[in-house]
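Enquirer: In case you want the letters, here they are:
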Amino acid sequence: MKRISLILVGALFLSALAACNGGKSNEPARSGASSGQGGEPAEQVELRILWWGTQDRHDLTVKALELFEQKHPNIKVKPEFSGFDGYFDKLNVQVSGGNAPDLFQTTYQFMSDFASRGSLLDLGSVELNLADVDQGTRDIGLYEGKLMMLPAGINASAFAIDPALYEKAGIALKDRYTWEEFAEISKQVSEKLGKGSYGTPDYMNNSDILTYFMRQKGKSLYDGNALGFEKQDLVEFFAYWDAMRKSGAAPTAEMTASVSSGELEKQLIVTGNSPVLVLGSNQLGSMETLTNRKLQMMLWPTMAGGQEGHYISAGISWSIYARSEHPKEAALLLDFLTNDLDAAAILGANRGVPISAKVREAMASSLSEIDRKQFAFIDELSQIATPFNPNQPVGASEIRNLLINTTQQIQFEKIGIEEAADEFMSKANAILQGK
Amino acid sequence: MGNRAFRSNLNAYLFLLPWIVGLLLFVLGPLLGSLYLSFTQYNLGSAARWVGLQNFRDIIADGRFYLSVKATFLFVLVSVPLKLAAALLIAVLMNRNVRLIGLYRTVYYLPSLIGGSVAVAVMWRQIFGDQGVFNRIVELLGGQGTIWTANPRYAIYTICLLAVWQFGSSMVIFLAGLKQIPEYLYESSGIDGASKIRQFFHITLPLLSPVIFFNLVMQTIGAFLMFTQAYIVTKGGPMDSTLVYALYLYEQGFSYAKMGYASALSWVLLAVIALFTFAFFKTSKFWVYYESEGGKA
Amino acid sequence: MSVSAHSPSRTSRLRHSRLLRHSLLHLALVACGLVMVYPLIWMTLSSFKEDSHIFASLSLLPQTWTLDNYAKGWTGIPKLNFGVFFANSFVVAGLVVVGNVVSASLTAFAFGRLEFKGKGALFGVMLITMMMPAQIILIPQYLLFNELDWINSYLPLIVPHFFGSAPFFIFLMVQFIRGLPRELDEAATIDGCNVFQTFCRIILPLCVPAVITTAIFSFIWTWDDFFAQLIYINDPVKFTVSLGLRLFLDGSGTSQWGAMFAMSVLSLIPSFIVFLAAQKHFVQGIATTGMKN
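Residue numbers (the working numbering), protein chains in the order written: chain A, 1 to 435; chain B, 436 to 732; chain C, 733 to 1025.
One chain only, chain A, in its complex shape (with noise of 0.2 Å):
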């Protein structure tokens, strides 16, 4: 009696798991609600949106999304919001149960990984307006061909720096500088400044500097589902970085450790330890806030010989659950806060620089100072920066980690630099062929 019921229970649940993952995946059920004119549904039909960030956030977003109920009566919108601990965790389970909301904040890194297991809907099977986006802003979401993701504003990654802190080391700054140089400068900061101070935190276990000097050398981080670069690159960068810390221009293994698993808060640009951080653009008011001092952005160091490696990217992006029952109506939303004006101007660069040109246009006159500077430091970027296909492969967020786990065995002096870039080489590998 007691076997048949565990056997029943048992059958019973894996029943309700294979339900789950295989019958209902790929077909999603298309919202019952006929659309009448303008995707505009012709019952109540209820949203589910999902965003991280914190209050201030949460306060714009909930406000444009009354508005957006107000233009659209028919649509109730339910926000969820949350901070970011445990966001894509909860993101990821959802998934697996199919129940996850309708529209939810993303980003590139994690796109592929939802994407490839059929999460996200193709954003060319909706109706959304694109006009006003460059291609290169819409090439960012692309998967596979598909537009599985749409940034919700553009983002680049540069330094922040402290000039005040340069000045204070004796260096008058240039726009730019090559690598050589800035180990030089880096150098003197460190001994200028004394104990205690670092010229540039060690990026050694950077994925972003990493990629930007992979495109220095006309290589990519990945090339499809394969590293795009070769053993001798990797050991080139890792030598560069491990002059750095042995140099003194950058930190101890420890402190590097110690920043990297910390706070915003604990960045030696924010304790006054150094002049440098490596920052996505629309984190320079947020930056500029801890540290009470005023920064600015620098572009990342030249290659002698090599090409021009910045790229502009997307931070905080949509997609569209592919189970979404209202596939229609999310669409909408989303299109509502990519593109109409009212919704802009509540919104502000919360989440960015606004992709769409017209919004940038029509915000333009209302910017605050550091809005300004991030719109200006685009601007500049866009003037320089190369086509980035930002297609992460599957696998991209451990390789991430891959990546901090050998540079730290460099870094304690546990291995070699060439012992650790075959052991990057090789497990990288391993990952990307799903092993």
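No lab work stands behind these hints: they were computed from the structure. Be aware that one or more of the hints could be misleading.
[Stated by the list, open to error] Taking CB as the label site, the calculated pair distances span: (1) C:A819 - B:I494: 56 to 62 Å; (2) C:K1012 - B:V573: 37 to 43 Å; (3) A:I415 - B:I494: 21 to 27 Å; (4) B:L488 - A:P387: 43 to 49 Å; (5) B:E622 - C:Q795: 55 to 61 Å; (6) C:K1012 - B:S623: 37 to 43 Å; (7) B:L488 - A:I370: 32 to 38 Å; (8) A:I370 - C:L792: 31 to 37 Å; (9) C:S791 - B:L640: 18 to 24 Å; (10) C:N926 - B:P641: 30 to 36 Å; (11) C:Q795 - A:D139: 47 to 53 Å; (12) C:S791 - A:P387: 47 to 53 Å.
For glycine and all other residues, C-beta sits at the position ideal for the given N, C-alpha and C.
Put chains B and C on the given structure of chain A with help from the hints.
Expert: Just chains B and C now, with coordinates in the frame of chain A:
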């Protein structure tokens, strides 16, 4: 006779009914589910694909698996004895009716009250950081400071310390156990002139042994499953030195969505914990004294 | 005569050394206590600092005292305030306490006192269920609760506790019940009590310390729990305190540490009161009740 046996079985199962229902409804299904998943490649959100023993073969070849085993055993072996010793010592000191004792008890429980909140993590890194209190003390004693939470040699010990520092729940359980020891036993032995220390070893320890056993088993299981402290303070780093087992399988399951592999990892862990627990139960008959059973386990 | 003259001085010396021992004990307890509460002090003082000073300055005391963090933290969420989260947490933690106490004491009585077929095997199963990493069980459980349509409600957080889903407490009670002398039940049986009456009248009252322990821990651990609440609750109106606290943290941007610390301090108060109020009941174990007769 048969009727009486039936009656006593029936009675027992009536008491067990809620638990059995819960077991069948909420626990056994998911448990079997995860067992099934451990034989599949299951990336959260896509369909599970049967791969047989592949996950277990992968575990054997997985270098980080061994790192996590090492970190976990270190944690268990260091934190459990220290935590239990501290909890027992303080509980014995607290087990008296002096003034303000309630306040003391509460104060000693405070660290456990804060639990695994972010505030604790921030504070811990601060204390064991570059400019932290701990470095001040070390330098005062003529030692060489470091960033303890970011040093691969020491990071795991700061996690152990965090666990030991939160000994409150074990202390409370010891206290409750001490309260259960009849006072007349001490009174009669006091007349015999037994010293406090003799009393402790001859009365307190044997009568407390069921509770000591409980704490030992539960703290060991808990230590094998430890997740929060490592997750919030060091995230497993540096160099995977604090990558305890639960953290590693969490990373595989949630960060990389390889739930099949993570399930396989967790069944390996379950087997190891079960082995330890079984060993504890086997040895318990030599040292655990049950009042109700005349000294036999 | 000489004996009576001798004894007062001896007792006073005894009293003297006792006093010394007592004050030494107090001194040691206070010193260790300071180490124990240091984090709370740090957190509380940080909650009165401005955001930018929490990490930047090394001093324990705020440069300027501000109550801003409390005001901002309390009302910081659109259309909600922290009071809602407190109320929600009380509902969840309160019901979990009831569920754990009822189900754990029933189950533990069977395991600790009654003889029945399959006891060893079932006890083993119960132990096994404790050894599974919660994170792994979570996915299948989520699918199950999803089928039951329980997501975004408190049911997944509460209902299992009424069905003994916390083996920790079952095992705890089992150990306590096994520590009680059997003569008690035998006497009760002779007095004509059936097994249910024995449970209610004899065993349960003697297990007060264990019951109180179960209640306190259930409350505090549910109050602190983050992951299950994160996974099952979607709607901010239903958020609990521990979810609310995370609303101030943005891993990729600026976090409102001040507000987070301020609300963390407030969130400790209920657990603190519960513990302070309940701890004196440990004292009323069988040591002071009717064991001697």
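Enquirer: Hint by hint, which ones does this structure get wrong, listed from lowest number up?
Expert: Failing hints, ascending: 1, 6, 7, 9.
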